[in-house]
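2 protein chains.
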Amino acid sequence: MKHRFLMALPFVALAQTAAAQDDPIIHDAEYYILLAEHGEQWAEDDAAVEAELVKFREANGGKPPNIINVLIDDLGFGDMGIPELNALRGYETPNINDFSDEAMRLVRMYTEPSCTPTRVAQMTGRLPVRIGMGDTAVDIAGFGLPSSEVILPEVLKQAGYTTSHIGKWHMGDIAESWAMNNGFDYAQMAVHQQGQLTIFNDDAIFEGVSVAIDDYVPAYTIDSNFRPDASAMMTTIEAESGGPIREIRMAAGERWNAQKYNEMNQAFQDKAMEELVRLAGGEEPFFLQYWPLLPLDNTRAGRDGPQSPNGGLYADKMQLVDEWLGAMFDSMEELGVADNTIVVLMGDNGHFTKYSPQSGYTPMIFRGGKTDTTEGGVRTDAFIRWPSMIEADSLLNSIVHVSDMYTTLARFAGADQYIPRDRLVDGVDQSAAILFDDEQKARRDHVIIYSADKPKAIVKDQLKLKLPPPGENPIVAKFYNLYHDTREEYSVSTEVGAWGGQEFVRILARHLQRKELFPDTPPAFGMPYEGVENIRPETQAAVGAFLVRRDAPQQR
Amino acid sequence: MKHRFLMALPFVALAQTAAAQDDPIIHDAEYYILLAEHGEQWAEDDAAVEAELVKFREANGGKPPNIINVLIDDLGFGDMGIPELNALRGYETPNINDFSDEAMRLVRMYTEPSCTPTRVAQMTGRLPVRIGMGDTAVDIAGFGLPSSEVILPEVLKQAGYTTSHIGKWHMGDIAESWAMNNGFDYAQMAVHQQGQLTIFNDDAIFEGVSVAIDDYVPAYTIDSNFRPDASAMMTTIEAESGGPIREIRMAAGERWNAQKYNEMNQAFQDKAMEELVRLAGGEEPFFLQYWPLLPLDNTRAGRDGPQSPNGGLYADKMQLVDEWLGAMFDSMEELGVADNTIVVLMGDNGHFTKYSPQSGYTPMIFRGGKTDTTEGGVRTDAFIRWPSMIEADSLLNSIVHVSDMYTTLARFAGADQYIPRDRLVDGVDQSAAILFDDEQKARRDHVIIYSADKPKAIVKDQLKLKLPPPGENPIVAKFYNLYHDTREEYSVSTEVGAWGGQEFVRILARHLQRKELFPDTPPAFGMPYEGVENIRPETQAAVGAFLVRRDAPQQR
Chain A
20 MKHRFLMALP FVALAQTAAA QDDPIIHDAE YYILLAEHGE QWAEDDAAVE AELVKFREAN
80 GGKPPNIINV LIDDLGFGDM GIPELNALRG YETPNINDFS DEAMRLVRMY TEPSCTPTRV
140 AQMTGRLPVR IGMGDTAVDI AGFGLPSSEV ILPEVLKQAG YTTSHIGKWH MGDIAESWAM
200 NNGFDYAQMA VHQQGQLTIF NDDAIFEGVS VAIDDYVPAY TIDSNFRPDA SAMMTTIEAE
260 SGGPIREIRM AAGERWNAQK YNEMNQAFQD KAMEELVRLA GGEEPFFLQY WPLLPLDNTR
320 AGRDGPQSPN GGLYADKMQL VDEWLGAMFD SMEELGVADN TIVVLMGDNG HFTKYSPQSG
380 YTPMIFRGGK TDTTEGGVRT DAFIRWPSMI EADSLLNSIV HVSDMYTTLA RFAGADQYIP
440 RDRLVDGVDQ SAAILFDDEQ KARRDHVIIY SADKPKAIVK DQLKLKLPPP GENPIVAKFY
500 NLYHDTREEY SVSTEVGAWG GQEFVRILAR HLQRKELFPD TPPAFGMPYE GVENIRPETQ
560 AAVGAFLVRR DAPQQR
Chain B
20 MKHRFLMALP FVALAQTAAA QDDPIIHDAE YYILLAEHGE QWAEDDAAVE AELVKFREAN
80 GGKPPNIINV LIDDLGFGDM GIPELNALRG YETPNINDFS DEAMRLVRMY TEPSCTPTRV
140 AQMTGRLPVR IGMGDTAVDI AGFGLPSSEV ILPEVLKQAG YTTSHIGKWH MGDIAESWAM
200 NNGFDYAQMA VHQQGQLTIF NDDAIFEGVS VAIDDYVPAY TIDSNFRPDA SAMMTTIEAE
260 SGGPIREIRM AAGERWNAQK YNEMNQAFQD KAMEELVRLA GGEEPFFLQY WPLLPLDNTR
320 AGRDGPQSPN GGLYADKMQL VDEWLGAMFD SMEELGVADN TIVVLMGDNG HFTKYSPQSG
380 YTPMIFRGGK TDTTEGGVRT DAFIRWPSMI EADSLLNSIV HVSDMYTTLA RFAGADQYIP
440 RDRLVDGVDQ SAAILFDDEQ KARRDHVIIY SADKPKAIVK DQLKLKLPPP GENPIVAKFY
500 NLYHDTREEY SVSTEVGAWG GQEFVRILAR HLQRKELFPD TPPAFGMPYE GVENIRPETQ
560 AAVGAFLVRR DAPQQR
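One line per chain: the protein sequences are A and B, in this order.
At position 354 of the first sequence the residue is numbered 373 (this note's numbering), and the sequence of numbers has no breaks.
At position 410 of the second sequence the residue is numbered 429 (this note's numbering), and the sequence of numbers has no breaks.
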């Protein structure tokens with residue numbers, strides 16, 4: 020695409036004159052347009068935020084708030100927190116609904132369209148495409164998050180936080196990428212994701228939800244490694260930072276199955292509850308990250324029958340997640356940390372429609388789901404609770420990107436000075452909008468929606484432009500008014516090519532131009548699972564098979 | 020379609036043994052299946068309901084509750100009462116949302132797919148197809164609701180109620196069908212509907228939302244009456260029961276336009292507020308029916324600019340409706356009738372997608388809209404408030420058909436003995452489920468969804484069968500699990516033809532068999548507008564043109 024509307028923007032000058040900080044975070048181009056318009060107000064707001072944070076710390080023994088960060092897989096907007104919508108689908112999330120009544124709903128939270136990129140964006144504060152992490156790998160892949168990224172727990176640690184991660188990770192199968200090597204004092208984490216754990220196993224084969232593994236007929240199968248098998252892949256690993264990393268709960272020769280998956284999930288919940296007690300008893304402020312693998316579950320093995328009138332595979336487990344989170348919220352009360360802890364609770368992207376309708380879920384409000392760049396892929400439930408600091412039962416209807424949580428939580432923790440200044444950070448500081456419940460104080464009015472490494476859509480205010488495929492004339496691009504048309508079904512085509520189309524193409528052009536200064540870099544590559552002490556022989560064999568495949572194109 | 024599964028059901032025997040009343044209301048076949056299963060419990064529940072109603076009347080000076088019945092046009096599920104969903108579309112209904120917090124939401128209220136049939140069902144307690152009122156007329160049509168129907172105000176009047184109707188009527192353009200001739204002591208009503216009032220006028224032509232009227236070139240137009248024109252049609256009429264009926268606010272020769280429509284709506288609101296004061300000051304319990312024409316409005320003429328971030332033609336007016344209803348709720352408080360008045364507030368069917376997205380609305384949750392028999396056509400917001408009698412901020416997730424409001428409101432009013440026993444009544448008494456907030460006490464688990472005179476779908480529990488067109492094998496019919504698949508996009512086809520398909524076909528067969536005993540009858544036919552004192556000359560001419568068209572097929 021040709022960018023005919025490029026303009027040189029005086030980024031540095033603007034930043035230096037208007038930013039509240041002496042050493043400002045480097046942002047993408049659009050930020051500086053809003054900064055030019057609102058810089059003075061933002062400086063005032065920053066001071067007001069600081070005053071609130073100081074007041075909080077003074078009342079909290081000098082300490083910044085604890086933070087609990089819960090990220091749930093594949094949820095659509097309205098799955099949690101709205102009893103009317105629970106009712107439509109015949110299941111209930113009463114604990115999360117009560118939590119929602121105490122929290123602010125970030126109505127326009129935009130995630131990335133898939134698990135890995137959303138998690139990368141939340142952890143790094145950057146668009147995942149900037150480090151080649153825009154895509155999701157299910158199988159052994161030998162790449163992941165580079166250690167050069169300064170992720171949220173690393174930022175918080177510098178401000179004195181104790182940090183812990185429990186549950187899904189899914190940002191790489193190389194040690195360089197893992198939680199315990201990136202700022203978490205302790206981690207118990209699933210290396211891969213639920214596709215592996217719920218589909219590549221014997222119960223899933225029995226129930227017909229998986230391609231066959233066991234029943235390959237050798238006579239017709241000459242590539243004997245061409246089969247997915249969770250049993251051969253690394254499952255849960257555990258370590259303290261700097262300590263030995265070990266796979267847990269799988270013995271050599273053992274088969275992965277639905278019961279193992281249930282045990283894994285229960286163990287994550289138990290560990291998260293245990294960590295909460297441990298961290299709440301400590302002297303330091305804590306950052307507890309809990310990324311459950313449920314509600315995703317693709318087999319009926321071991322179930323006692325429907326738990327909800329819905330009866331769908333995910334809907335039932337969503338009720339279990341609700342029960343578990345309810346127990347966590349109760350425990351926070353008992354431990355006396357409910358009031359001095361920020362809880363972020365959100366989904367990572369929309370529903371994976373591949374599992375509709377047996378999951379019990381189909382995209383209900385927005386169109387599309389996981390992997391789509393329609394709103395159904397990237398809009399999900401998101402709440403933030405901080406009693407007496409954030410207005411209870413409130414709604415913030417400003418655009419927030421998941422990367423903003425990096426910047427904003429760092430700010431709330433008084434740790435924003437540890438956000439690196441040597442790279443572009445996409446996340447903006449939304450603390451004023453959130454603390455003062457004021458959409459006018461939001462610092463973002465747009466989001467560029469990528470699918471893997473391609474920008475696919477741009478949202479600004481209520482307008483959305485679906486970008487045309489490369490080489491196609493932008494004049495045919497489809498343009499939607501999201502307030503009028505939540506499902507993106509009625510393209511407002513008359514406006515494309517006139518003001519709206521041009522403006523949106525310019526947003527993309529400025530974004531791409533800025534990449535010339537801050538180019539995208541590749542992810543980290545490495546040997547899968549290297550550094551784990553107790554790799555099983557079948558896992559070693561699977562890594563061997565992976566290497567053969569990886570190196571095949573390099574042979575000469 | 021052949022009905023091979025017909026069974027003779029011992030209706031009368033069941034009714035006589037199990038019904039609580041000596042002279043039971045005659046219902047459709049399915050009712051007697053549930054009665055056979057739950058008759059004893061229902062008798063207990065009826066006694067418990069009666070005890071509650073007696074208690075209420077004793078505390079209310081011996082009087083049954085007042086009833087206010089607000090029916091709003093073309094609303095989708097979630098348009099009102101859920102702040103999160105307001106936010107998604109950039110408009111607000113704060114007064115209705117507050118009202119919702121004090122009311123019970125009837126989550127599974129099923130209407131008919133269009134205005135006229137829904138209104139007929141609510142007023143008569145019967146499926147509109149039973150009296151040929153399943154369809155909607157926009158223009159002069161010469162037919163309507165027969166006076167032989169005993170509509171809700173007629174039932175309530177026998178129990179001593181004072182009754183009043185304000186706003187849309189749209190159940191016929193013949194005097195036999197009108198509110199003032201059917202149990203309303205007073206009525207100020209729009210004879211036709213908003214298509215006439217917002218599209219067949221000069222502003223709509225100017226804005227290009229209408230087919231042309233004025234600019235017909237006579238040289239190319241030999242049928243000079245082939246043009247819709249609101250100015251020639253009857254607009255608002257007003258009368259006391261038995262008194263003269265007069266058209267108001269239109270003079271001979273005057274043109275209808277957007278300003279007239281605005282005035283009409285404001286006048287309905289003012290009159291509804293005035294009637295509330297008058298009725299609240301009377302001795303008798305009152306039934307005030309207010310059927311606003313807004314939010315429907317298809318022109319921008321006379322608007323001061325967007326009233327909401329959404330800015331859509333309907334969304335802005337929805338905010339006005341919210342303001343107006345807020346004023347009514349406030350007035351109820353001031354008049355001291357908030358606590359002894361039941362308020363029913365609901366939509367009459369889904370959005371008319373013909374006006375999407377410029378209306379500011381598209382179907383958001385369910386698929387389809389007005390005229391469709393997908394859930395988007397027949398599921399809408401519905402609330403019932405009765406302080407201290409009905410649980411505040413509650414949800415009833417049982418199937419309720421709009422005809423059930425007839426039976427249930429009559430029961431609440433202690434007027435159910437005046438419901439006729441000489442005909443089939445589709446509405447069932449949902450008072451126990453509503454008063455005791457108990458889905459197990461619901462008396463309906465299914466609904467047959469008609470489009471005009473054809474049954475198109477059957478819902479029972481969460482299952483929905485889309486009936487195949489006549490002559491087509493039912494085995495190809497599509498079957499949906501509404502909990503899993505709110506949008507009816509994933510047909511569960513494997514179950515059709517097995518248990519589910521057969522059972523659903525039997526429901527239809529029993530319903531049709533029952534029609535042999537209680538056959539459908541035609542609507543009332545007559546001379547449009549006859550009986551109005553001050554018919555304008557242009558209106559007389561339009562009636563003349565209608566008669567020529569009507570009689571053309573009868574000529575020999």
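Keep in mind the hints are simulated off the structure, nothing from the lab.
It is possible that part of the hints are untrue.
[What the hints assert, rightly or not] Computed cross-link-like contacts, DSSO-like style, restricted to lysine-lysine with a CA-CA straight-line distance of at most 27 Å:
1. A:K485 <-> A:K534
2. B:K497 <-> A:K373
3. B:K373 <-> A:K485
4. B:K290 <-> A:K373
5. B:K279 <-> B:K290
6. A:K497 <-> B:K485
To see whether the hints hold, each was checked on the structure:
{"no.": "1", "hint": "A:K485 <-> A:K534", "result": "21 Å, holds"}
{"no.": "2", "hint": "B:K497 <-> A:K373", "result": "20 Å, holds"}
{"no.": "3", "hint": "B:K373 <-> A:K485", "result": "23 Å, holds"}
{"no.": "4", "hint": "B:K290 <-> A:K373", "result": "54 Å, violated"}
{"no.": "5", "hint": "B:K279 <-> B:K290", "result": "16 Å, holds"}
{"no.": "6", "hint": "A:K497 <-> B:K485", "result": "33 Å, violated"}
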